[in-house]
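As a plain string of letters, each chain reads:
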Amino acid sequence: MVPRQPSAPLDPGVIRQAARWLALLHSGSAGPQDHDACRRWRQADAAHEQAWQKAERLSRQFGAVPPALGVPILARQARVNRRGAMKTLALLGATVSAGWLGYRHAPWPDWTADYRTATGESRDLLLDDGSKLALNTGTALDVRYSTDERLIRLQHGEIYVRTAPDGSGRARPFLVQTPQGRLRALGTRFVVSQLGGAQAATHLEVLEHRVEITPQAGGRPLILEAGQQAWFTADGVQAPRPAAPPAAAEAGDAPGWTRGVLYADRTRLGDFLEELSRYRSGVIRCDPAVAGLRLSGAFQLADTDRVLDIVAQTLAVRVVRRTPYWVTVLPRAG
Amino acid sequence: MSSHPTPAASLEALYEGNHGWLHQWLRRRLGCGDDAADLAQDTFVRVLRKPEELPGIREPRAYLATIARGLLNDLWRRRSLEAAWLEAMAALPAQAAPSPEEQVAMWQALQALDHMLGGLAPKAREVFVLSQLEGLGYAQIAARVGLSERTIKRYMAEGFERCLSLMD
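The listed protein sequences derive, respectively, from chains A and B. Just so we're aligned: 232 in our numbering is position 232 of the first sequence, and the numbers increase by one with no gaps anywhere. Just so we're aligned: 36 in our numbering is position 36 of the second sequence, and the numbers increase by one with no gaps anywhere.
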């Protein structure tokens, strides 16, 4: 047994050390040697282990909260200048709730977006000129049509675009702006995703005709042909690659997600789960030992829990749900 | 056990001499008489819980105001948490609505977490929440909030230190 009372206050120095280990291990770039070193630190002293137990309780508390709910609540700005805010609210009168919402969610520009989808949601948009957009899970965009251009500002997420010829007689260009650059449609169908991932990059896949990319920081525009895909950042465009051979069911067609289906074709489990996690609230962790397993099939995105069950039945893995929002995929025991 | 004289007499004096003033002081900040009366009461209850401090109070009104300010902050935080909770629940897609049991568990966790994160700077709190709730790595968070990875890591260490210190 640990020779301390559970309520004995921990030494602030130990807490600081534990905090540093935690900050290292949550970085997303910690290696096995970091985990080993942390384990040695925990074993070196009962107080270290005790601090670690607190950290695990903290993690369980976060695990009880779905991100879609917890992020706007816990990261709200309401405590800053709250008096000023209250005064403003009183003045706003009838528009109080809208103003309050916009105020609290200031750090998330997508709360003010014209159109947005929640995690796991998708929707179709028919624009004034007859162009069609499909918004995938977790997407936010603004539509800015003017006399000179048809502009879509993609804040984040993924869209499938099917442009219509401009019927206004002005042949306005159809443009998609992301933080990394601007796309000009020279044809009719393409998919843009801006997932705000590690690379802060935009991905473009052209399904029909051509699309021109102009990176934000300037540089030469590059034209992608149908069947090509490329990542680009504000500084430049990666060499285009052939689009991944689509699953038979979606060859030449709109991507599977526009029909609520996620296709896998000998896809690595790690990649598959990363993709799947875009459609659920919460975190899916994949044990590196099973991340390399491959799977194939067509999975219904409407019920991601069912997809996880199917994965557990098909591969030698088990799915552990610490909470509905915190799922871990591990090697099957024994 | 305590060598202090019973504080009742001096607490009484403290109450008599300052309750009206404290009530007004709170009322000016709250704009609501009921809340002000509640918080004034709570302030004296706090004083009562720490009788050992009574004899050392030199500036009774400054002392009371310090306690009342803390309670006022707690009240604001609780109110803003409740408002945020209601807004966020209303914004959830219907199929994602949690069961009543889940809601209770979430609400309890949120109260505890909100209390712990309360003292962090807004940016640090956002970073900590993105890491702990969305499971993002620091490179992703850095890209999302426009800060360096070093700063993210520093904020994370501060956040963990604060949370661990405040947990019982």
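The hints are simulated quantities; they were obtained by calculation from the structure and are not laboratory data. Think of the CB as a built atom: it goes at the ideal place given N, C-alpha and C, for glycine as much as any other residue. Each hint should be verified, as a subset may be incorrect.
As a list, the in silico DSS-like pairs of lysine-lysine whose alpha-carbon atoms are at most 30 Å apart [as the list claims (entries may be wrong)]:
#, chain 1, residue 1, chain 2, residue 2
1, A, K132, B, K123
2, B, K153, A, K54
3, B, K50, A, K54
4, B, K123, B, K153
Chain B residues, not near chain A, derived (Cβ > 10 Å throughout) [unchecked claim]:
#, residue
5, R49
6, Y63
7, A88
8, Q140
9, G159
### Query
Holds or violated: is the Cβ of Q140 of chain B farther than 10 Å from all Cβ atoms of chain A?
Incorrect as stated: the minimum Cβ-Cβ distance to chain A is 5 Å, not above 10 Å.
### Query
Can we confirm that no CB of chain A comes within 10 Å of the CB of Y63 of chain B?
With a cut-off of 10 Å, Y63 of chain B remains clear of chain A, as the shortest Cβ separation is near 23 Å.
### Consistency of the no-contact label for G159 of chain B, given chain A and a CB cut of 10 Å
violated (8 Å)
### Query
Is K50 of chain B close enough to K54 of chain A, meaning Cα to Cα at most 30 Å?
holds (28 Å)
### Query
When you check the alpha-carbon spacing of K123 of chain B and K153 of chain B, does it fall within 30 Å?
holds (13 Å)
### Query
Taking only the CA atoms, is the gap from K153 of chain B to K54 of chain A under or equal to 30 Å?
Roughly 20 Å between the alpha carbons, so the hint for K153 of chain B and K54 of chain A holds.
### Task
Compute the least Cβ-Cβ separation between R49 of chain B and chain A, then decide whether it is above 10 Å.
Holds: least Cβ distance 18 Å, greater than 10 Å.
### Query
Hey, K132 of chain A versus K123 of chain B, does the alpha-carbon distance stay inside 30 Å?
violated (37 Å)
### Message
Does A88 of chain B clear chain A by more than 10 Å, comparing its Cβ with all Cβ atoms of that chain?
### Response
Its Cβ does come within 10 Å of chain A, the nearest being 5 Å, so this is violated.
Going through the hint list in order, the structure does not satisfy hints 1, 7, 8, 9.
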